[in-house]
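Undergrad: Please model the complete structure; the sequences and the hints are all you need to start from.
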Amino acid sequence: MTADALPSTAEIRRAFVGLCLAMLLSALDQTIVSAALPTIGLELGDFADSPWIVTAYLVAATIVTPLYGKLADIHGGRIMLLIGVGVFILGSIACALAPSMLALALARALQGLGGGGLLSLAQTIIADLVSPRERGRYQTYFAAVFVLSSIAGPLLGGFFASHLHWSLIFWINVPLGLLALLFVDSSLRRLPVRRHPHELDYIGAALLAAASGLLALALGDRNAAARDVVGLTILSALFWALFAHRLRKADEPFIPLSVLANATARNASLCGAFGLGSFVGISVVAPIYLEGAFALDADGVGVALIAPMIGVVVGATISGRLMPHLARYKAPGLIGLALATAASAFLAFGLQSLSLVALDALLTTISIGVGTTLPISTVSLQNAVERRNLGSATAVMQFSRQIGCALIVALLGALVMDAGAAALEAETASPQAIDALRSAFREVFAATTLCVGCSLFFLARMEEKPLRNSPAS
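Residues in the sequence shown are numbered consecutively from 13, following the working numbering.
None of these hints come from the bench; they were simulated from the model. Do not take every clue at face value.
Stated by the list, open to error - The following label-pair restraints were derived from C-beta to C-beta distances: (1) Leu250 - Glu23: 46 to 52 Å; (2) Leu366 - Gly98: 46 to 52 Å; (3) Ile318 - Leu54: 38 to 44 Å; (4) Thr245 - Leu167: 44 to 50 Å; (5) Leu269 - Leu366: 44 to 50 Å; (6) Ala249 - Asp447: 36 to 42 Å; (7) Leu269 - Arg333: 33 to 39 Å; (8) Leu167 - Leu368: 19 to 25 Å.
Glycine included, every Cβ here is placed at the ideal spot set by N, Cα and C.
TA: Shown next, in the form of structure tokens:
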């Protein structure tokens with residue numbers, strides 16, 4: 013097939029199956045591991061360092077996300093996705109065979125080097141095959157992959173760790189990864205390959221890797237001393253400043269200046285960072301409130317969170333299906349975020365009097381509102397940039413979402429840490445502990461209101477460029 017030929021619907025569908033499998037690898041890994049952390053720490057005899065199992069992956073994945081985007085613009089998305097899946101499989105095998113916590117953390121870093129590019133590469137490849145006008149409905153399926161992993165991951169992780177062996181949470185990636193390799197290679201090999209001449213700025217790449225890696229390390233290591241976190245943050249800020257200087261001086265910057273200067277791309281990235289960060293942050297801390305205030309066990313918490321998880325897909329489906337038919341295609345997102353902001357504000361002021369059903373309904377409203385922005389922000393960004401920079405722009409969007417999630421999770425976690433520990437450590441929490449927990453979560457939802465409001469602000473600022481009817485610029 014020539015570079016200019018358009019793929020058929022059947023070819024796109026086959027490719028899409030492979031892309032969803034690749035995304036499932038990354039998304040499932042982020043949820044299946046968390047449920048098994050205590051068991052892994054105890055079996056390896058190093059419970060105190062078990063958070064490094066998550067931190068090592070997070071740091072490595074954050075570092076390489078922009079690099080995959082740039083290399084996809086140079087070499088094409090298929091080859092980079094195959095490399096990413098291959099490295100992820102090797103890292104998974106190393107994790108399953110790890111004899112110590114140090115070995116497991118190093119293997120998780122290797123796994124992150126592969127997994128860090130899977131999400132943005134899948135988004136880039138589908139953008140290269142499908143016109144912006146039709147791209148919204150594909151974003152709906154991507155959102156469904158995340159919800160599936162959010163529900164199935166903790167269940168599988170807990171089952172493997174409790175009834176079989178924790179190493180199975182990594183071994184399961186091998187058949188899934190091989191299946192993804194088969195689908196990606198066989199389906200994308202027949203589709204157009206579009207490479208664009210770029211030079212890789214190695215200095216810029218190294219500076220961005222150092223800046224983002226140090227920031228992820230500062231935010232991800234919850235056992236670090238305060239002075240260590242401050243030191244890492246200062247070092248990260250220094251490297252960010254050096255990276256900004258390099259962007260202005262390099263002949264071809266690592267992140268194209270046209271992407272950074274594009275107001276639509278900038279607002280879409282910030283909208284996604286604040287919106288998705290708010291949803292992920294609430295998902296991380298909500299179990300603390302559900303266990304402490306309503307005395308739910310782990311199974312009860314899982315059931316209570318099903319509706320908010322599905323809400324993201326509902327929101328993404330609504331906006332993704334409506335986008336091709338609306339001239340003002342931001343409208344579903346604006347309405348959704350306005351409702352999410354109102355629901356979060358209501359939680360901040362009226363949390364104490366809410367029943368479990370009412371709380372769950374408001375959390376679901378927030379998730380639906382955030383879900384409406386996912387297709388809109390992604391498609392709007394890809395619609396606004398030059399095709400030669402599509403991989404870099406999509407990676408910047410994914411990178412900003414990762415940083416947004418890390419920052420907001422750290423913020424919300426800090427707000428509830430002490431109150432949550434007091435409410436959960438005792439077999440029966442005292443009324444004073446529950447009051448303190450509710451007070452802390454009112455602050456959580458006040459912060460969430462601000463973050464969702466920022467997402468609404470940036471979406472409102474984003475220009476609605478007419479959606480193209482073909483993938484080409």
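Undergrad: Please go over all the hints and tell whether each is borne out by the structure.
TA: Cross-check of the supplied hints:
| no. | hint | verdict |
| --- | --- | --- |
| 1 | Leu250 - Glu23: 46 to 52 Å | 48 Å, holds |
| 2 | Leu366 - Gly98: 46 to 52 Å | 48 Å, holds |
| 3 | Ile318 - Leu54: 38 to 44 Å | 28 Å, violated |
| 4 | Thr245 - Leu167: 44 to 50 Å | 36 Å, violated |
| 5 | Leu269 - Leu366: 44 to 50 Å | 48 Å, holds |
| 6 | Ala249 - Asp447: 36 to 42 Å | 38 Å, holds |
| 7 | Leu269 - Arg333: 33 to 39 Å | 35 Å, holds |
| 8 | Leu167 - Leu368: 19 to 25 Å | 21 Å, holds |
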